[in-house]
Amino acid sequence: MSIETIAPLKRCAIYTRKSTNHRLEHDVNSLVTQREISSAYITSQQYKGWVELPNRYDDGGHSGSGMDRPALSQLMQDIEAGEVDVVVVYKIDRLTRSLADFVRMIEIFDRRNIALVSISQAFDTSDSMGRMILNVLLTFSQFERELIAERVRDSIRTRKRHGKMHGGLPPFGYIATPDGLKIDEPEAEIVRFIFDEFLQTRRYTKVMTAVRERGYCSSVKYSPRGKPRGGNPINPSTVYAIVQNPMYVGEIRGHDTTYPGEHEPLISRETWDEAQIICHERKKRKPNNRDTDHFLAGLLWDDLGRHMRLDLKRKHGKYYKTYVSSNAIWSQKLFLRQYRSSADQLDEVVLAAVAALLCDRIKLRKALKGLGLFGENLETLASKGPAASDRLMATSKSHLQNLFKAIVHRVELGEDQVSIEFRMLEVRRYLEWKSEMSFRGRPSNWSCSDARYDHVVAVRAVTAERWPSLHINPRTESCKGSPDKKLVDLVRSARKAQRLVEENRELDLDALAKMHGCRTAQFARLIRLNYLAPDIVTAVFDGTQPSGLTRKVLLNSNVPTDWVLQRKLYGFQAPKRKIDPRNLFGRGMWPSAAG
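Just so we're aligned, residue 1 is where the sequence shown starts under UniProt numbering, counting upward by one.
Treat the hints with caution; some may be incorrect.
Taking lysine to any residue and the SDA-like style, the derived pairs with C-alpha atoms no more than 20 Å apart in a straight line are [unchecked claim]:
#1 LYS10 x LEU99
#2 LYS164 x PRO178
#3 LYS18 x ILE108
#4 LYS486 x ASN556
#5 LYS485 x VAL501
#6 LYS182 x ARG229
#7 LYS91 x ALA188
#8 LYS182 x MET165
#9 LYS366 x ALA353
#10 LYS552 x ASN504
#11 LYS18 x ALA71
#12 LYS552 x ALA574
#13 LYS384 x GLY370
#14 LYS552 x THR538
#15 LYS206 x CYS279
#16 LYS164 x GLY254
#17 LYS366 x ASP344
#18 LYS384 x PHE439
#19 LYS514 x LYS485
The following label-pair restraints were derived from C-beta to C-beta distances [claimed, not checked]:
#20 LYS313 x SER383: 41 to 47 Å
#21 GLU436 x GLY298: 24 to 30 Å
#22 ASN21 x THR139: 26 to 32 Å
#23 GLU436 x GLU376: 25 to 31 Å
#24 LEU509 x PRO70: 55 to 61 Å
The hints are simulated quantities; they were obtained by calculation from the structure and are not laboratory data.
From the three backbone atoms N, C-alpha and C, an ideal C-beta is built for every residue, glycine too.
Could you put together the complete structure from these sequences and hints?
Put into structure tokens, the structure is as follows:
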């Protein structure tokens, strides 16, 4: 009696790629051709248990030189989730043309026992011969890509030496015609106005203010396919680019020099030379942001969604380093002030918060579960947290930037808290890190997993520059109520308990409680009442607290140290700001980023 052997099921994912968007709108294009050929091959391998997955992984208009492709990222995430057994491509260069990226992908494939099959090149990576042929083919693919790049660069240099613009949109003030660049008179007048204002004011921000007050907008232009572009208000980046673009003096910028162009200049040589002298004077002198060891630059945002940059200012012979919110146009329209935070203090807070998380086994286990880790693997990694924390605190400041760029995806700064979003794929690598070299991330692996963990730290790190951080209003007849004597006595008893602690440091908690005339547990609760928000304490003395807040409720509750949470817990409304930025700053006085 024979027993029929059934082949195990192999889930096959087809990946297709095309470098350009040309002909993608057609029903039959390169992506369709690659998919049909690959699908037919999978059908021929049904006797091996191969089954085509319905998910489509198509990257149209994406180069093979990198891994930042949406369909490839989704494929790598599905592989990490265990949903794919075989990756099928028409040719290996459809997957990647970079040998370094390919090696990283093969490491992931090997770890997950994923087979890679190329249809037209007739090999797979299930044996050593297939892997050898694959490396050879990939080396030639990378060589071909580099040759194409060299030819393109040579073509661009040649066209620029002959005074021609090579591709792209025409600069502001010009329109593209079959005979070359021609002046667009409405925009040309704006360009001349910008240069005149810059020579008078010598500041980019003042030029931008003048442009905004006049309501200048770019003219509407059409792409070769007839798609309209432009018609929008001019933004600061456009002003900055115009002042430093040699196209307006009749030249074309090369790699290390400029060449005479065929187009007509918009400004005179004298105007251009004077503007460049001012630009050179406006450039930041050392030390600049890149000369510091502050590691949050590039990772830091405020809780309104504005990027925060590192700002260096010299005052009285000393440099002050501050993280400052970008002065976005939309935030100016809403009269939102810029957040400012001491760079040294914020770096210390974030560093300590990350180290504390690594030591906190409960939170670390919760974060690692986002990677799908359970059981022995989870416990092993969680036990390495304290050692990783010590290693983090011992890392030199010069290496912290690369480390935080890897393990942290984003840091958001709020008025009462700091939110740290971790990239858990790299946190896992850091926990397992044993090398003596400094830790660096693997950006090519980031697309494999989007597991994140948001760690919130209650801390006030925003400088109270213009708005008060304490909300204490003077009592008026309209807000005067009838104070609850028991509540008032409770707050005063808490202050008396705090004074006993400060004046009798030689006594333990039991002796202090006995001196105060209460039990030890109640004495501890009284001490915590000293951390009530000032506006809650004043409400108790004024008799304006919510009706539900009684002596019993306050004494028996575990008073949190977070003032915002206290107000939510005890029924208080969020305090209104006493300083209104509309009264503080007008259009002309609004603080803006340094020119």
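Hint check:
no.: 1; hint: LYS10 x LEU99; result: 27 Å, violated
no.: 2; hint: LYS164 x PRO178; result: 12 Å, holds
no.: 3; hint: LYS18 x ILE108; result: 23 Å, violated
no.: 4; hint: LYS486 x ASN556; result: 14 Å, holds
no.: 5; hint: LYS485 x VAL501; result: 25 Å, violated
no.: 6; hint: LYS182 x ARG229; result: 17 Å, holds
no.: 7; hint: LYS91 x ALA188; result: 49 Å, violated
no.: 8; hint: LYS182 x MET165; result: 12 Å, holds
no.: 9; hint: LYS366 x ALA353; result: 16 Å, holds
no.: 10; hint: LYS552 x ASN504; result: 28 Å, violated
no.: 11; hint: LYS18 x ALA71; result: 12 Å, holds
no.: 12; hint: LYS552 x ALA574; result: 23 Å, violated
no.: 13; hint: LYS384 x GLY370; result: 17 Å, holds
no.: 14; hint: LYS552 x THR538; result: 19 Å, holds
no.: 15; hint: LYS206 x CYS279; result: 14 Å, holds
no.: 16; hint: LYS164 x GLY254; result: 11 Å, holds
no.: 17; hint: LYS366 x ASP344; result: 30 Å, violated
no.: 18; hint: LYS384 x PHE439; result: 16 Å, holds
no.: 19; hint: LYS514 x LYS485; result: 24 Å, violated
no.: 20; hint: LYS313 x SER383: 41 to 47 Å; result: 45 Å, holds
no.: 21; hint: GLU436 x GLY298: 24 to 30 Å; result: 26 Å, holds
no.: 22; hint: ASN21 x THR139: 26 to 32 Å; result: 28 Å, holds
no.: 23; hint: GLU436 x GLU376: 25 to 31 Å; result: 27 Å, holds
no.: 24; hint: LEU509 x PRO70: 55 to 61 Å; result: 59 Å, holds
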